[in-house]
Each structure stands twice: as C-alpha cells, then as structure tokens.
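Going down the list, the sequences are from chains C and X.
Going by the numbering used here, the first residue of the first sequence is number 3, and it counts up by one from there.
Going by the numbering used here, the first residue of the second sequence is number 25, and it counts up by one from there.
Check the hints yourself; a few may be wrong.
The calculated BS3-like cross-link candidates involving lysine-lysine, where the alpha carbons are at most 27 Å apart (straight line), are [unchecked claim]:
1. C:Lys315 / X:Lys128
2. X:Lys181 / C:Lys125
3. C:Lys315 / X:Lys108
4. C:Lys315 / X:Lys201
5. C:Lys125 / X:Lys108
6. X:Lys195 / C:Lys315
Think of the hints as simulated: they come from the structure by calculation, not from any bench.
Please read these numbers as outputs of a predicted model, since none were measured by experiment.
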Amino acid sequence: MNTSTAEIIARCQALFDDLNFSYAREWKAAVPGRIVVGFMPFYVPRELIHAAGGLPLGVLGGGEQLEVIQGDAYYQSYICRIPRSTIELGVTNRLDFVDAMLFPSICDVIRNLSGMWKIMFPKVRSRYFDVPQNYRDDVGGAFYISELTELREMLAEASGRAVTDAAIRASIGLYNENRALVREVYAFRARQPWKAPSAEVYLLMRAGMILAVEEHSRMLREYLAAAAAEERPRRDNSRVVVTGAFCEQPPLNLIKSIELSGCYIVDDDFMLVNRWEQSDVSQEGDPVANLAAAYLHNSANTSAKYEPDVEQKGLYLVDAVKRSRAEGVIFASPSFCDPALLERPMLQRVLAAHDIPFIAFKYAENSGQMQPIREQAGTFADSIKLWSNP
Amino acid sequence: MTVTQAAEVVKDSSMLKQKEMISGNYRKLETAAADGRKVAATFVPGNLNELIMCFDMLNNLPEINAIQNGLRKKTGGYIMEAEKRGHSEDVCTYVKADLGMIAKGNIGPDGQKLPNPDLLLLSYTGCFTFMKWFELLRDHYRCETAMLHVPYQGDGKISANMIAYVVRQLKEEVIPKLERISGVKFDIDRLRENLARSARAEEDFVWVLESAKKKPSPIDAYFGGVYYIGPIFTAFRGTEDATEYYRLLRAEIAERMERGQGPVTPTGDMPSERYRLVVEGPPNWTSFRDFWKMFYEEGAVVVASTYTKVGGLYDQGFRHDPAKPLESLAEYCLGCYTNRNLPSRIDLIEKYMEDYQADGILINSIKSCNSFSAGQLLVLREIERRTGKPGAFIESDLVDPRYFSPANIKNRLESYFQMVDQRRAGGGSAPARAA
Ligand code: SF4
Ligand code: SF4
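Produce the entire structure from the sequences given, and follow the hints as far as they go.
Structure below.
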C-alpha cells in the first residue's frame, strides 16, 4: 500500500519535534565508526561528510518548543535567537553525540559562535567553514579547494578513515539525486500549491536536515507520488515568495499562518542547503574541484554571498518570482539579522523596479503571536488580488 | 577616530598635527574633482592605504565620517533618515549614519560636500556588514567596486592558503582595477617605500601603547587611544605626516612618563590613577566626552583596549614589511582584531590584563556591532575565571544617541569601582586560574 502524505508528514513532524535527535543518535549507534557532523545554516558541502561515513545534521536552533534558559545568559537582547537556542541545545547535552560542528560563513554571529563552541565544548571538533567571495576558479576557487581539503582531512581524522575520491563521487551522486527531488517538490508546489501545503513542504525539507540522504530521497519520492494522487481543496490564494528566512527559522505556525491568511508560498529560502547547487555537480574527474566549481558558478544566491555585478543584484529574487509565477514577495526576517535586514532595501528596490509588490515583517524562532502576521499577510493577499483584477 | 573637540582642550603638538592632517584630507576630498584626483572609499580594518597611495588616489572612509558626525551629534538625524527610507532599526548604525548623510546631500563632517567615490574598495576584514554596506553604497553610486575578501581566522591562525588567496586577489583584481581607474601604473617600489614609512610609524605607535605598562600610566589607551590610532588606522599610514606624528607623540609621552604624569583628559591632567582597566569594545561617540568623564572623574585609566587594535595588532609584533609587500598587506588584513577568532581575542585580553597589571575588565557592548558584541558575555566570564579579576558589562551604541543611557552607565560604573575596591580590601583577587 502506498504511504499517504499525512503519514509522511507525521514522520517529519516527529523528527522536527524531537530535540534530542533520537534518529541521529540511533543512526550513529547502529554501525560502529559512524560519525555525526552538525552544521548551522545555510551551506556546507554535505557530500564530504557523507563520504567520510558521516551523517550531516542540520542544527537550526531550538524553534518554538525549546525553553532557552542558559543560552540567554550568553547573548545580549539585541542579538538574534538562533545562537542562544543552539547554545541551549549544547549545554543541555542534546548534541552530546555530535562529533564535529561546522559553522558556515554567513554572518558575524555564527562566526563568533564557532569560537564559543571551541571554548565551551573543547572535545568536539569545530570548524568555521569559510567560502570564497571571489568567484574566479584561479582565485576564489583555489582558496576554496584548499578549504575543502582541510575539511576533508578533519573529517577523515574524526571518522578514522580516509575520505576517498571514489567515496566523494558516490556521495555527490546521492546528493545530486536528492537535490533534483527537492527541486521537483518545489516545482510541484509551484504548479499545484494546494496539493503541497507549505507547512508540509517545510517539514519535508526539515527532515532532510536530519535523515540520511538516501532515506530522505525515498521520502521525497513517496511524497511526490502521494501528493499528486491526493485531491485537496483548491483555494483562491495569492501566490507569494518568502525570503529572508535562510538562517534562524520561522515558527511552523508562522508558515501556516501565511497560508491560512490567503497566501500560497510558492518559493522560499528556508534551508537553502537543500537546493544550494542549482544543477547536478559533476561526477567526472576531481570531485573536490567539482564541488568548488559548483559553489563558484552554480549555487544559490543569498545575502551572505557577494554579488560582483551591480546589474545582477537582487535579480535572483525576481527570477524566483518569475519561475514560481508568484504575485508578490514576503520579506520575513529574524529580528536583528544583519544579513537579511541589510539586503532587504536593495531587494525591495529591484522588486519595485519590476512592479512586484512586497511586504515585510520580522519574527523570532519562538514568536508566539501570529495574529498581526496573519492580518498583514491577509491584507497583502487581498491587495494582490485587487491589483491583478483591477 | 580623532576627537577634535577634545583636541581643542589639549593642544599638544601631536594633536595639532593630527587635526591639521584630518582637515587637510577633507579639504583634498572636497576639491578632488577640481584637482582631477580620483577617490576611493574604503574601510578602516584592513585598509590598503599604502597601496591606494601608489595610485595617487584619495581615501574617503565612511566609518570615520560616521564617527566624526557622531562626535558632532549629527548622526541621530541621519540614522532616522535612513530608517525612514526603509533601513531596519536593527542594523549597524554606522551604515545608517552614512546612508542618512548621503540622503541628506552628502555633506561631510566639516560642512562641505563629499565627492562621489570613483571606486568602492571593499576590503572587509572582521565584519560581514562591510560587504552589505558597500553593496548598498554601490546601489546608490553605481560606481566600480573592487572586492578583497579576507578570510576569517576561524582556527586562530593565518594559513598559507589565506595569504595566497588575498595576494592573488590583490594581483588579479584589486591592483588592475586601481590602475585602470587611476590611470597610474603600479610601481611596487613605491609601495615598498610607503610600507617602510608605515613600519617606522608603527614602531613609535607601539611604544606609545606600551607606555601604559608604567604606573601611573602616562596615557589612556582607550579614550586617549582613539586619538593615537587616528593616523595609523586611516588615510595616513605610509605617509611622512604619519611618521612625523608618531615621532612627536612618542616624545610627548616620554616626557610625561619622565615627569610621572598620568594621562591628559579634556579637563587637564589626570591627578591620580586609582583603577587600571582593560576595555573591550568600541566607544560611544555621540556622548564621548560624558562617557570619558565617568572614568577620569573616578581616577580610572584604561591601560589597554581592544578597540585600538581593529586596524591592526602592531603591539603583537606585526609590522608592514617592504621586503614582502603584498604578503605583508595580506597579513595585515588577516590579523586585525575582529578577524581573530573568539578564543584568540580572549587570550589577548587575558594577556593585556597581566602585562598591564589591570584591576579589571570592562566591556562596552555595542548594539550595532555583532562582530564585536556576539560572544562578549562569554569573553567576560572567561576573563573573570582566568584572572580572578572583576569584570563589568555595559551596553551602548556607536553613533545612535537613543542607545546611550548616561544614568544607567554611570550607576553601573560606580558600583563596579566599588567592587574593585572591595576586592582589593579583601586581600586581592585570589585568581582561580583554570588549569
Ligand atoms: S539569524 Fe541572521 S544574524 Fe542571526 S545568526 Fe543567522 S544570519 Fe546571523
Ligand atoms: S558591524 Fe561593527 S565592525 Fe561592522 S561596520 Fe558596523 S560597527 Fe563596524
């Protein structure tokens, strides 16, 4: 019998709710020598971790459920929430099975958290993972290959086994397949958003932060089949892209509220790592060079990446709107998030130049009050309809 | 960076010299178009002043404009202007002070119109906001941008890969762009000469900073320190003027030291040194003098500060080196204070606490600046734990007057000084050093 979307999403919800990461603990315990490597948003080369016999585990903060007690003692009120809930996860031993932590180069908060981790959890290997802001193969590429090589060595040490080229190639294959399925889910939702509600797609993608890639790909396939087969009521919602939520995640209720207020989310930047490389990474030749080339020439755009061409600035959002046939953009950013909030005015200017309507609000991962957001999104949905049907 | 208001009170010859240098640079900026000079806008940490000079270009530093406007209490209005135009209340106020100033006609701190830059030379070391700041400026000016990405010292060290990457960017991207925009061909010997002058100034500068090891300290290494870093952190490193400035400054401080004098304050010499502090974090600029007063009135002298290391850690041995010009620029950019990881920052502060025989650590946590502030509560804990000395934590902002609360800060400082007294009366610090 085929699995229903409800069953798949129930599994995803259970993974999402489990702040003890039982799945990852069990995965590690099942075979001696396995390692788990935690990473913070938004991008790390998961292929290398996989090739080292590791499980890449996305650490995306504590969400609504986690009561942050100790973590607050490490951060001033004007710093976003994700680092404090991540510290809370650490000091409450919820991450005690994690062998290494990676802190991607996204902002100064995560950057400094990498050093805090070294001090607070000295037995865990932790690494600030730098990526180039120069996209020439002989400049940024050379730097990045060397960074990837250092990471490869660290992972080999952690797992006690060599990370071979063949293993990396095989991992690239698995992640190519996974990314293709992720893209398919996004495309499916953009075509028939009533058949793939955003909260479901969100939970599916969150599952990809925890599950082994093979298992996640299976899940995506099952979901696509089940969602296509199920009839669901189609509403007269407006179609929107949500942007700015690439790091600290919005509460699930916020995503639900946007949809309930009359907006179908047809594209978003939650968990960009799932769709980072925008087409297949080559499996021919040197696999590390291929990962580097994919980063330089074929990866998603976001605030933390420099855009060398002023004419191109912000067009990634316009493209997302066109690709998903969206009618408007919702800027949803974590409070105090420098990268998202500094990028916002530039993106808004570009949207305005393309006559794309937008609204903006801020959230925290534990925001409880959804009423204002529902009202704002509802008014936005109505106004979009008014504009499009004058 | 330079406190011209205070300079009006204390007119040592080094100060007069610096004042002249700063206003001279603003004058040059104002007449740049008429003089046919090209202008590069660039940042303080990791600036490439010696290189820019090789192309006869002028140097305009948005952070310095924000500071100068902050001291003149103009930034509150500029920040509101930027917020009115859609910039979030949550982001760095230097950026908003700059964008607000531009929106209101780009009139510089000295009342004259600043030129549009010919090049945004983005070398962002130690802070991600710089990258966004220049993207925002580029959006406005639509001028050329040269990007120098300086990797972060995540593991607390500078690797050969990092240096090679920065040098490659200098050779492949930055220098060709500077050549094209200025029309001047790059001459590496000219760069070497500039670097040699920098190194000479750096020697004297370090001597000045280290004079604070003496009791009483002849300098205040934070409030006074922000004057001392002026030339070397900004548009003057590598010039004859800067070398001369540090020579003068050193001689003045040597004299104070000989006479057993304490630091100069806006109201004259500091009579007695009661507390020796290390300070982490930038100062507040909009109430700079009130803030300083809260210290000198209590006899508190800052003997070492981290803010005076954002534009280079010369006191830890780094010198610009004419023998390896591009590598040395790379090392400089990589080594600035906020480009060091948090454990290295803590180690450095601990070292300052010992080397300068400080009574405690004070953290001025700046709302604007995640680069400095994220993690400072752990810095405080670690320093207290390692040294057994008391610490204090206050919060303010750089140039947003809404976030400077004098009564709160004064209260906090007063109870802190009492704590230091009690600790002393109780027979010292009993440092419970970690193994
Ligand atoms: S939410 Fe924004 S500011 Fe906070 S850690 Fe993430 S990217 Fe940085
Ligand atoms: S965030 Fe801090 S370092 Fe960065 S520009 Fe603002 S004040 Fe400067």
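Okay, the hints, checked on the actual structure:
Taking the CA atoms of Lys315 (chain C) and Lys128 (chain X), the gap is about 25 Å. The hint holds against a cut of 27 Å. Distance hint between Lys181 (chain X) and Lys125 (chain C) is fulfilled; the C-alpha atoms sit about 19 Å from each other, no more than 27 Å. Note on Lys315 (chain C) and Lys108 (chain X): the hinted pairing holds, with a Cα-Cα distance of about 22 Å set against a maximum of 27 Å. Between Lys315 (chain C) and Lys201 (chain X) the alpha-carbon distance is near 20 Å, which keeps this suggested pair within the 27 Å criterion.
A threshold of 27 Å between alpha carbons decides the hint, and for Lys125 (chain C) with Lys108 (chain X) the separation of about 48 Å lies outside it, so the pair is violated. Taken as a hint, the Lys195 (chain X) and Lys315 (chain C) pair is honoured in the structure, with Cα atoms around 25 Å apart against an allowance of 27 Å.
The earlier numbered hint that this structure contradicts is number 5, and it is the only one.
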